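Trainee: Using the sequences and the hints, build the whole thing.
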Amino acid sequence: MTARETEWISIPMTVDVPYRFAAGRYLTKTLTQLRDNGRIFAVECPRCRRIQLPPRIVCAQCHVRNGRWVELPLEGTLVAFTIMFLPLTDPTTGKPHEPPFVYGSVRLDGCDSVLDHLIHAEPDRGKVWVGMRCRVVLRPPGERVGDLSDIVHFEPLPDQSRPGS
Amino acid sequence: MDDLNQYQPFEVDQHLTAHGNYWAGRAGSRFYRALRDRRRILGSPCRNCRKVFWPPRSICTFCFSELREMVEIGPLGTVETFTLVTYAEPVHPRPAPFIYAVIRLDGADTGMAHFLDEVEYERVHVGMRVRPVFAPQRKGNILDILYFKPL
Amino acid sequence: MKRNVAIVGGGQTYHRARRHDVDQAEMVNEAVRAALKDAGMTMDEMDMVVLGNMEFFEGTHMTDCWLVHATGAYGRQGLKITTGGTVGATVVCAGAHLVASGLCDRVLCIGFEKQEEGDTGAILSGVANPLWGRSMAGAAVGYFAMMGSSYMAAWGAKEEHSAMVAVKARQNARKNKYAHLKLDITVEDVLNSRMLAWPIRMLDMCPASNGACAVILADDKTAKDRCRKPVWIRAMETAHNEQFELDWRDVKTKRPIFSKVCAGRIYGRLGVSDPKTYFDVFEIYEPATWAELVWYEDLGLCGPGEGFRLIEEGKTNIDGPIPVNPSGGVLSTNCIGASAMLRVWEAALQIRGDAGGHQVPKEVRRALTTAYGGTNWTVMIALSGALDD
Ligand SMILES: [Zn+2]
Ligand SMILES: [Zn+2]
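Residue numbers (our numbering), protein chains in the order written: chain C, 1 to 165; chain U, 1001 to 1151; chain S, 2001 to 2389.
It should be emphasised that the hints constitute simulated quantities derived from the structure, not laboratory data. Be aware that one or more of the hints could be misleading.
Okay, the calculated beta carbon distance ranges per label pair [as the list claims (entries may be wrong)]:
no.: 1; chain 1: U; residue 1: N1048; chain 2: S; residue 2: S2273; range: 54 to 60 Å
no.: 2; chain 1: S; residue 1: Q2243; chain 2: U; residue 2: R1039; range: 22 to 28 Å
no.: 3; chain 1: S; residue 1: G2305; chain 2: C; residue 2: V58; range: 32 to 38 Å
Straight-line Cα separation of at most 25 Å, DMTMM-like style, residue types lysine to aspartate or glutamate; simulated pairs [stated by the list, open to error]:
no.: 4; chain 1: S; residue 1: K2158; chain 2: C; residue 2: E122
no.: 5; chain 1: S; residue 1: K2080; chain 2: S; residue 2: D2044
no.: 6; chain 1: C; residue 1: K95; chain 2: S; residue 2: E2116
Covered stretches of chain C (chain U as the covering partner; in silico rule of three or more C-beta atoms under 8 Å from a C-beta of chain U) [stated by the list, open to error]:
no.: 7; segment: 6 to 19
no.: 8; segment: 25 to 37
no.: 9; segment: 85 to 95
All of these numbers come straight from a predicted model, not from anything done at the bench. All C-beta atoms in this analysis are idealised placements derived from N, C-alpha and C, irrespective of residue type, glycine included.
Mentor: So, in structure tokens, the structure goes:
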């Protein structure tokens, strides 16, 4: 066969899908409180007592309606992390997070869920560790919109050092 | 929790953008090369079923046999059904209004959806004979046929 | 099960990063024809076709309609299933339900992905809640990286241990003529490969593959009349994680994790007390090296925190006492919609003794397969060569 006969044809395409997402009554309360008052609210399951964030209407484990609202402190513990060397795109803005950066899972004190976010620490694995204490850094009140980007990042609490170092 | 009613329901408008590149494969590439390079329209015949398929394919839809051959179909064809599109959608390839028709090319057993131009909508009818108008600069996609028009 | 279900045939494509020579239909058809040939059956003998892929990963929706000629579904019953990375195994589950219930005697199951054609990153971001996590979606690499850092912190494993998994996978892939990444690599090569998200390097991750797999399921009578080496589906189980409770990256968590829950259920059904001796081979879903070490522990092949010892001691090598992924696994071939079905088909080949270059060098009577759907749920399927075994 000639080169012409084995030329494979392709067709580029771009699909843009607009959508409207409704948070529902439970997440609405948490996002409104985060935006307007800089406070983080979770819900507690009346049966297993787990405190769940984001809040949801039903405890998946117990199949009962979650009731009591609990305000969480803005401090927590890093349970897992990575140092990202890929320029991950924020799909909601189309803008990349510039690598390298620290990305991790934080459990706010008293909460059973974890929260994935940027960790404002040097991208050096000697300076970040599982168990590190961190606190929430919020955008200034007027700049908050009511989603997870109202948290700029977590920052390590001062005066702590990596165990064993 | 009653206090939930004090909050204005939260909704956000977002969008997902996905890029892709569709590969036309064996039968498809042969079809697009013939269209682009020679202004020929090809279909896939199944000798077993005595059908000629468009768009071309490597497997017969009816009997599952492998189709390796391709034959020229058209370029003349017959309008099988049509409509006038009068609303705009971002996914439309051109602004409304336009006539959209399913055209069965001579020698094919299936129809091709395409634009029908150079004709008043009131004059279009099922059974109308049409021919394709090819783009002067062809790129290897279905818009290498700009539109069909009445004979 | 009401009726026994056997795998009576199967097939796969050669998996590659580029398949410009075929469209999606032509690629899927390669696997379908291979499966029919292997079973010695024709499309007319199929009662139903079940198709699966990862939704929109090739930029096309309703692939059951697009591919109706290539799958053979035209003119017969057909179903399409989409459940993320698990889908290949979900399709087998659905097919097995159809046969076990008596609705069908012969079902053609197909999984495929033509990853190069779509935008997997953009589509995967749709997995996250738009208001709680989508802006921070860490991609698959980020999640597995956190699993790795948590694993090392918890148990004292080193990056060398995950590198050993990468080497085992690619060396096994070299024995598998269908595999995508057949790399003659060493632990040093892995540690020297580009860092993506510490501790995950390029060679710690699966490739993006194009490919398809098909298996034919049948009832007792068909299996006994038509198939020389039927492989029986003995048990199937699924388990989901709770949404937002992504504790699976916290490897010391006491919370119920889908993988452990599912393993417990399927072992309960089969009366398995020691999985590493009960099963002769495992085909697990490991898109990243650390996931394999965590699977070892979640499946109970060793105790908590001992997974890295298994790889260190070579226990899970193709010629070891607990062979895991002799095919090269997902780390060597990841055409997502086909990947979980490839686990099942590769396990069946091992039981038949037909795996060729990557056949485990011991008698294989029983096998266990797993899958990942996102990282939130799994499908497990247990197979055996004899119904009374
Ligand atoms: Zn509960
Ligand atoms: Zn035919």
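Trainee: Report the numbers of all earlier hints that the structure fails to satisfy, in ascending order.
Mentor: Violated hint: only 2; rest satisfied.
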